[in-house]
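Trainee: First to last, the sequence lines map onto chains W, F, R and Y. Under our numbering, think of the first position of the first sequence as 92, with each following residue one higher. Under our numbering, think of the first position of the second sequence as 92, with each following residue one higher. Under our numbering, think of the first position of the third sequence as 92, with each following residue one higher. Under our numbering, think of the first position of the fourth sequence as 92, with each following residue one higher.
One thing to keep in mind: the hints can contain errors.
The list cannot tell twin chains apart, which means a pair is met if one copy fits it or any two copies do.
Stated by the list, open to error - Derived pair list, reagent style EDC-like, types lysine to aspartate or glutamate, alpha-carbon separation capped at 16 Å:
{"id": "1", "residue 1": "Lys-264", "residue 2": "Asp-167"}
{"id": "2", "residue 1": "Lys-231", "residue 2": "Glu-243"}
{"id": "3", "residue 1": "Lys-236", "residue 2": "Asp-292"}
{"id": "4", "residue 1": "Lys-187", "residue 2": "Asp-97"}
{"id": "5", "residue 1": "Lys-96", "residue 2": "Glu-255"}
{"id": "6", "residue 1": "Lys-399", "residue 2": "Asp-196"}
Quick caveat, the hints were computed from the structure, so don't treat them as lab data.
4 protein chains.
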Amino acid sequence: MAFVKDFVWKSGMSVEELVSALGSVGFQSVELDKASRIIVKMKESGAKVFLTFTSNMATSGLRGFFAQLAAMRIPDIMVTTVGSIEEDMMRSFGEKFAIGDFRPDDFALYEEGVNRVGNIYVSNRSYENFESKVKPMLEKLYARKKVWPVSEMLTEIGLALNDESSILYQAAKNGIPIFCPAITDGALGFHLFMFQQDHPDFVVDVVKDFANILFATSQDEKKGAICLGGGVSKHYAIFSCLLNGGLDYAVYMTTAHATSGSMSGATTSEAKSWGKIKDDSDVATVIGDVTITFPLAMIKALEELKRKGVLK
Amino acid sequence: MAFVKDFVWKSGMSVEELVSALGSVGFQSVELDKASRIIVKMKESGAKVFLTFTSNMATSGLRGFFAQLAAMRIPDIMVTTVGSIEEDMMRSFGEKFAIGDFRPDDFALYEEGVNRVGNIYVSNRSYENFESKVKPMLEKLYARKKVWPVSEMLTEIGLALNDESSILYQAAKNGIPIFCPAITDGALGFHLFMFQQDHPDFVVDVVKDFANILFATSQDEKKGAICLGGGVSKHYAIFSCLLNGGLDYAVYMTTAHATSGSMSGATTSEAKSWGKIKDDSDVATVIGDVTITFPLAMIKALEELKRKGVLK
Amino acid sequence: MAFVKDFVWKSGMSVEELVSALGSVGFQSVELDKASRIIVKMKESGAKVFLTFTSNMATSGLRGFFAQLAAMRIPDIMVTTVGSIEEDMMRSFGEKFAIGDFRPDDFALYEEGVNRVGNIYVSNRSYENFESKVKPMLEKLYARKKVWPVSEMLTEIGLALNDESSILYQAAKNGIPIFCPAITDGALGFHLFMFQQDHPDFVVDVVKDFANILFATSQDEKKGAICLGGGVSKHYAIFSCLLNGGLDYAVYMTTAHATSGSMSGATTSEAKSWGKIKDDSDVATVIGDVTITFPLAMIKALEELKRKGVLK
Amino acid sequence: MAFVKDFVWKSGMSVEELVSALGSVGFQSVELDKASRIIVKMKESGAKVFLTFTSNMATSGLRGFFAQLAAMRIPDIMVTTVGSIEEDMMRSFGEKFAIGDFRPDDFALYEEGVNRVGNIYVSNRSYENFESKVKPMLEKLYARKKVWPVSEMLTEIGLALNDESSILYQAAKNGIPIFCPAITDGALGFHLFMFQQDHPDFVVDVVKDFANILFATSQDEKKGAICLGGGVSKHYAIFSCLLNGGLDYAVYMTTAHATSGSMSGATTSEAKSWGKIKDDSDVATVIGDVTITFPLAMIKALEELKRKGVLK
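Make a model of the complete structure from these sequences and hints.
Mentor: Written out as structure tokens, the structure is:
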């Protein structure tokens with residue numbers, strides 16, 4: 092039986108030491124360290140690992156971390172929403188997002204052409220530049236074939252970005268498919284629509300992409316999921332695993348709570364009713380802002396995986 | 092200037108009287124009454140009204156209310172996720188969902204073939220019956236044409252359900268398109284995939300459907316949104332309005348908070364940075380479980396709209 | 092087994108009809124109706140009923156409702172923090188609290204002498220008037236005796252207020268003690284301190300008041316608690332019941348979640364580990380803003396208690 | 092203007108490096124780094140620093156960290172609830188608290204004599220041992236004088252504990268008063284009551300202690316507050332500062348949100364309406380579990396203060 096241990100700071104403390112110590116502190120700290128240990132277990136077991144995240148996380152500086160994780164092949168499959176795709180591309184095109192306030196004068200921002208995502212500001216100009224860069228990309232894709240499953244399209248876009256800091260680029264380069272179940276829900280959707288106006292036989296095939304995510308894992312393989320935030324990204328990963336026999340490992344990190352019955356707040360316990368997870372030592376739900384909790388849990392896991400020679 | 096008024100119960104109190112009184116109580120009560128008044132404003136102004144909701148809400152008894160609202164043409168456009176579509180159809184096929192607990196033995200539920208959504212239980216059998224009913228529907232659609240934009244497909248499915256309590260049926264019957272930006276993220280996605288295996292030229296055209304939501308409103312029209320929960324349902328509605336000049340009225344009801352920068356927690360204030368809303372009297376954000384807050388705000392609005400002769 | 096039922100609006104719907112219908116909707120709606128039924132059970136069983144609330148609720152219009160409930164002797168014992176005492180008194184002295192915004196220019200408010208509590212504004216003037224009225228009250232108390240247990244002092248103040256809308260007055264008039272475990276944590280604390288400067292033998296005896304809350308119930312009696320929000324108000328009630336054998340019924344209404352281990356978020360399930368509650372049908376935890384959830388659950392209970400002749 | 096920077100892991104990363112990098116990530120990460128910088132500012136400015144926390148935090152392993160911070164004289168004044176006092180004492184008496192689950196069988200725990208606080212378990216035996224140790228302590232205090240202001244009593248208890256890991260001991264040894272505005276709200280309250288039964292002239296003087304917290308700072312001094320969680324601990328610190336001209340620096344860390352108007356969720360912006368804070372660079376509100384966020388922000392501040400020679 093584990094007991095609460097007094098936490099004490101030592102000068103120069105590493106993230107790994109901190110997270111280990113937090114494992115004996117209590118409340119969400121315990122879940123955080125457990126999440127870290129489950130990530131290590133997933134990788135050591137050779138499970139196929141899903142990493143899912145919502146678009147605000149790619150708007151944030153976690154973008155670079157997701158790209159780094161892809162470069163190290165931590166995830167085998169990624170799932171996100173189209174905002175992530177757009178913002179990753181914008182950053183590769185040289186755009187900068189400002190750090191602002193959670194409570195500014197929003198109408199003033201509007202008049203300055205600034206769009207707010209929490210305390211991050213994205214200017215209209217970034218969207219305009221995006222438009223000019225996306226069009227020629229779609230032209231090239233179309234020249235090769237008319238019907239594009241989403242993840243295959245994203246792989247091609249990723250390779251074209253040629254930016255080491257890009258999620259899409261690193262995913263493409265390392266053979267990690269990115270799924271995006273609501274590809275039209277954003278600026279990219281608008282540009283796909285404009286393109287289709289001129290090229291009526293251009294099709295984005297979401298049904299074909301369902302086959303792709305389904306066949307990305309098999310019944311026989313172990314499967315794990317690290318779900319950051321909720322929504323369709325989380326559900327698409329879990330659901331495709333369910334069809335293949337269920338998850339063996341699951342880490343959910345979110346600010347949402349289970350009490351409203353939403354997918355964002357659905358816990359790893361609820362997941363047990365849908366799948367095959369039996370053992371509490373293989374699941375963890377960490378409540379908190381992912382920009383804080385995910386780097387903590389992941390860094391400790393990376394240090395351990397590196398020491399064990401599991402990191403590529 | 093409005094002042095706090097002591098709330099006092101009167102026997103036989105109606106919902107309308109309660110919500111009016113809550114407008115002078117404080118905290119979220121004030122926002123609730125404001126939300127109700129903005130819904131009335133939207134309808135009186137003749138604005139095109141978007142109603143968006145997440146799938147757990149259609150799993151709940153709000154399904155009947157959404158169908159009733161569609162029958163009264165309160166919304167002009169609906170946006171949701173595919174879980175809503177599936178669960179609405181299952182209920183029309185005669186399935187029942189049980190009310191259970193938030194903290195059951197989830198592995199025991201799994202072994203009984205029961206899937207949990209918060210405190211609502213859906214049995215595996217409901218999913219199996221769903222499969223047997225969906226296939227012939229897809230056959231009929233395919234016989235008519237090969238390429239289906241999502242909302243057009245949902246209209247046809249709705250008409251086929253022929254169930255007065257169904258959201259899809261009432262929407263179809265009353266000319267209200269239902270948009271679903273992530274149509275493959277669920278059991279329906281799996282059946283679409285299975286169908287496409289046998290009919291390779293069957294296409295669900297999500298890009299074409301972007302045109303449909305875009306042209307569902309115009310720059311000239313007033314536009315309002317009632318967004319229940321967050322995710323892609325909320326974003327798809329707001330984004331399509333943004334492209335048409337922005338929202339004039341917005342009511343957001345959610346359990347999520349603005350502090351994580353997620354779409355689910357994004358407030359109506361943040362929406363001002365993205366659109367054209369100027370006046371605080373035209374927006375409200377109500378924090379709380381939608382199964383409680385939405386009926387309250389909507390019922391008061393309905394009573395008032397009825398008295399004013401605006402209800403159809 | 093209960094099943095989800097489609098919710099449908101009927102014109103003129105009463106609060107009681109709404110809450111009954113919500114009992115078959117799902118998520119927090121189910122807990123809300125359950126809470127209402129447990130309140131009825133508590134009263135019918137003849138249990139001693141604790142009502143606890145935090146000070147922001149007395150700042151809101153719930154003040155009038157708490158006074159009304161005291162007049163009807165729904166609670167046998169009340170527990171709150173000193174802000175509630177102060178704000179109830181201010182309102183009895185004729186002060187008005189304005190309804191404002193959650194996101195104003197707070198420094199501007201400061202310069203105008205306005206103090207903000209969420210979206211309720213209390214002016215400095217209200218605090219100044221409070222001072223002038225409290226002093227003579229303390230003089231009178233002191234003239235009678237030097238040592239005052241908190242609840243006895245609050246009874247005397249309540250009687251002196253002579254205002255039918257006052258919580259303190261109705262409690263005093265109806266023999267309901269009000270406990271306040273942190274009596275000095277506010278403006279009243281400051282005035283007690285000022286008074287003690289001039290009257291060094293004046294004592295507020297919090298230890299004696301512990302005896303009062305302990306002897307307010309007995310081991311043999313059934314005990315129930317309705318806890319609105321958390322903090323010391325909630326804990327003081329639960330703890331005193333624990334010493335007397337535990338609670339038989341408990342309804343918790345709060346916005347806090349269990350995941351941080353705080354008293355505010357502690358669930359009725361956690362309470363089982365501390366007490367004697369065995370049966371899930373006798374406890375409910377409703378997550379949501381109390382200004383909305385409490386009137387709903389309480390009104391349905393009142394209508395039912397009235398019909399059954401239990402209301403005084 | 093600051094911009095979002097891609098976060099990238101480096102092997103062996105220190106906590107200080109992580110928190111610095113998080114300052115450019117977005118959402119709560121930005122607030123976290125800001126909180127850390129404000130703590131440094133507070134200490135460098137020579138401000139009197141209040142540290143407030145709720146009792147669950149002293150139940151957790153943060154107990155050791157609070158003791159360490161007291162030993163380094165980071166806080167000048169501490170405020171907490173009586174649960175903290177009790178649990179700190181129990182740990183000094185040799186009790187161990189187990190780390191358990193958030194969702195156990197609570198009735199089974201009750202039958203085993205285990206009390207749950209989130210995912211921490213405290214056994215009945217710990218409470219029984221507490222009783223046997225507290226009595227002789229009260230005897231000694233009473234032998235010295237009959238009337239005890241709370242903070243003076245806690246200083247004497249702290250010295251008697253003689254345990255380097257104890258919050259009370261380190262506070263007492265380093266001249267840091269601990270205030271506890273609801274001293275009777277727990278097991279200690281019960282033992283004070285039992286003691287008073289036998290010693291009727293024994294008085295715990297909470298009004299006198301108001302003078303102590305008031306005179307712990309002056310109008311002229313700079314004042315800062317680090318408030319972990321909410322409730323009376325937070326309010327008592329802020330209110331006493333308000334009477335002395337207001338806070339110059341404030342860091343709030345909590346899981347509560349501003350939307351319910353509670354003290355736990357009250358933001359540093361709301362604090363501006365009550366005090367004199369003008370500049371946003373001197374306040375931060377971090378939303379998240381304090382067992383994770385506080386060590387992060389504090390460790391970075393400690394490393395910096397050490398380097399600058401400010402640490403004692």
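Trainee: Which of the listed hints are not met by the structure?
Mentor: 6
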